[in-house]
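Undergrad: Residue strings, one per chain:
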Amino acid sequence: MSIVTGILKSSLGKKYIMAGTGALLLLFVIGHLIGNLQVFGPPELINNYAHFLQSKPVLVWSARLGLLVILVAHVTTAVQLAAMNRAARPVTYAPTENVSYGAKWASRYMLLSGLVVLAFIIYHLAHFTALVPGINGAEDFRKLRTVMHGQSVPDVYGMMIIGFQVWWVSLFYLIAQGLLFMHLQHGVSSAFQSFGFRNHVWWPRIETLTKIVTIAIFIGYALIPTAIYMRVVGADYADKVRAELKQDGTVSPAESPAAGKETH
Amino acid sequence: MKVKLKVWRQKDRNSPGEFKTYESPALNENMSFLEMLDVVNEELANKGEEPIAFDHDCREGICGTCSCVINGKPHGPHRGVATCQTYMRSFKDGDTIVVEPFRAKAFPIIKDLVVDRKALDRIQFAGGFISVRTGSAPDANSIPVPKENADLAMDAAQCIQCGACVAACKNASAMLFVAAKVSHLGLLPQGQPERYKRVKAMVAQMDAEGFGACTVTGSCEAVCPKEISLDFIARMNRDYAVALLKGDPKPISGGGAG
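Protein chains in written order, with our numbering: chain A, 23 to 286; chain B, 914 to 1171.
Only chain A is shown next, with the shape it has when bound in the complex (with noise of 0.2 Å):
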């Protein structure tokens, strides 16, 4: 058996794909997170950022691309080993207060907090990547510009700001965030037993790691949305460029006229 074989195939091979893409997800989850922190900062900061990363196109679609195929790898491999697990009990027990002794709520949930962090990962993608639209409850993320370096950028600071304003969307964000939360709780200690990295002097020491890491990870993501969505960070600049966005659209084609009676 080959080895490309014994990890595909095998129970124990299929769990070294998860630890292992689930490892390189949450490398970039704490590299992402360090990114958006910038919105703590002044509006240049991050809107630098965001034009440095836009101005390596072959950095940035290399890292896409490279995302897409561990996150695909992450997912396919997990429906595979629910339905091989579902499988190995064709006749459940019956119902009573006792089935889940010994076993964290987390460990019993990971497909399901999986399956809603891969749609709010889509929605996030939506949201502020393609900028669709009519699905941020606010302003078309496609008008905000700004202007870095003499050229005209996408002004990130503004649709981060304006968007999290919109309470149902801070909402999304911070249940995806517990429910990442949750999921790594128990994913990112298992990716250590899947690979082998345990035993009763290391064990206690990879839980408190990973209890380190991921209310680090949850208190910095849940902090963006909720300083922006208490007005903490950014409202007068959010008020600003609705007021300049009200102004931009008042020079629409249907009331130039009127406009253009005034003048005279």
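Everything labelled a hint here was simulated from the structure, so no lab data went into it. Keep in mind the model is a prediction, meaning the values are calculated, not measured. Ideal Cβ positions, reconstructed from N, Cα and C, are used throughout, including at glycine.
Taking lysine-lysine and the BS3-like style, the derived pairs with C-alpha atoms no more than 27 Å apart in a straight line are:
id : chain 1 : residue 1 : chain 2 : residue 2
1  : A       : K268      : A       : K165
2  : B       : K933      : B       : K917
3  : A       : K126      : B       : K1083
4  : B       : K933      : B       : K1083
5  : B       : K1139     : A       : K126
6  : A       : K36       : B       : K1159
7  : B       : K1018     : A       : K31
8  : B       : K1083     : A       : K233
9  : A       : K126      : B       : K1018
10 : A       : K36       : B       : K1110
11 : B       : K1031     : B       : K1083
12 : A       : K31       : B       : K1110
13 : B       : K1031     : A       : K31
14 : B       : K1060     : B       : K1110
15 : A       : K36       : B       : K1083
16 : B       : K1083     : A       : K31
17 : B       : K1018     : A       : K36
18 : B       : K1163     : A       : K31
19 : B       : K933      : B       : K1024
20 : A       : K78       : A       : K165
21 : A       : K31       : B       : K1159
22 : B       : K1031     : A       : K36
23 : B       : K1018     : B       : K1031
24 : B       : K1024     : B       : K915
A few chain A positions that, by computed beta-carbon distances, are all more than 12 Å from chain B:
id : residue
25 : T43
26 : A45
27 : E66
28 : N70
29 : A72
30 : V97
31 : A141
32 : V169
33 : W190
34 : L193
35 : L196
36 : L201
37 : I234
38 : V254
39 : D270
Chain A is fixed; fit chain B onto it per the hints.
TA: Relative to chain A, chain B alone:
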């Protein structure tokens, strides 16, 4: 004391099963759970009904024959105890106790509470052995074994192959069992020659039997009558990864025996 039993009755592998409720006769609270079933069966036999079939042998917690999921938990309410050493004093007078067989695709029901656990035997046949020379027994302690390895190997060797780990796992996974066997032999010098071949063969057989994968919920560890640790599953995962990295041995080319 008296209890009400809600028991899974199934005539054979191919018939559909159902729960049936029985009132127990007066019981001594110091009876074991299996003795309680004996008393209930005696009454059923006297009434001309089919007694409840259940697995049992040593009744002292060392053979791994008894099974049953009692109120949703394999081997009953206690930690580190098999069904045969669960006593009626753990229940209250008038309780309804739900008794089910171990449920897994790899454990087909033979009758009532008796399931076919030969899948575990087949995993053992695939690799749970060592090669030793025949002849007179070697001197004791002739092969040095570090104390900590000997202790760990003994912890793993406690597995009595009852299958409660499979019954408890939400995925009906046999990982804890296979991990215990792989670790027990893999930790000792006598188990080294087949160490990597063994883990591959036993995992392959485990997958072929239709057991699920590990989600690290820890249910297996919680119900194991011998309290075998999840650490051993990590050890198996590690050995399997090393085995895959090492690859298959070089094939023998012609000629051969010298």
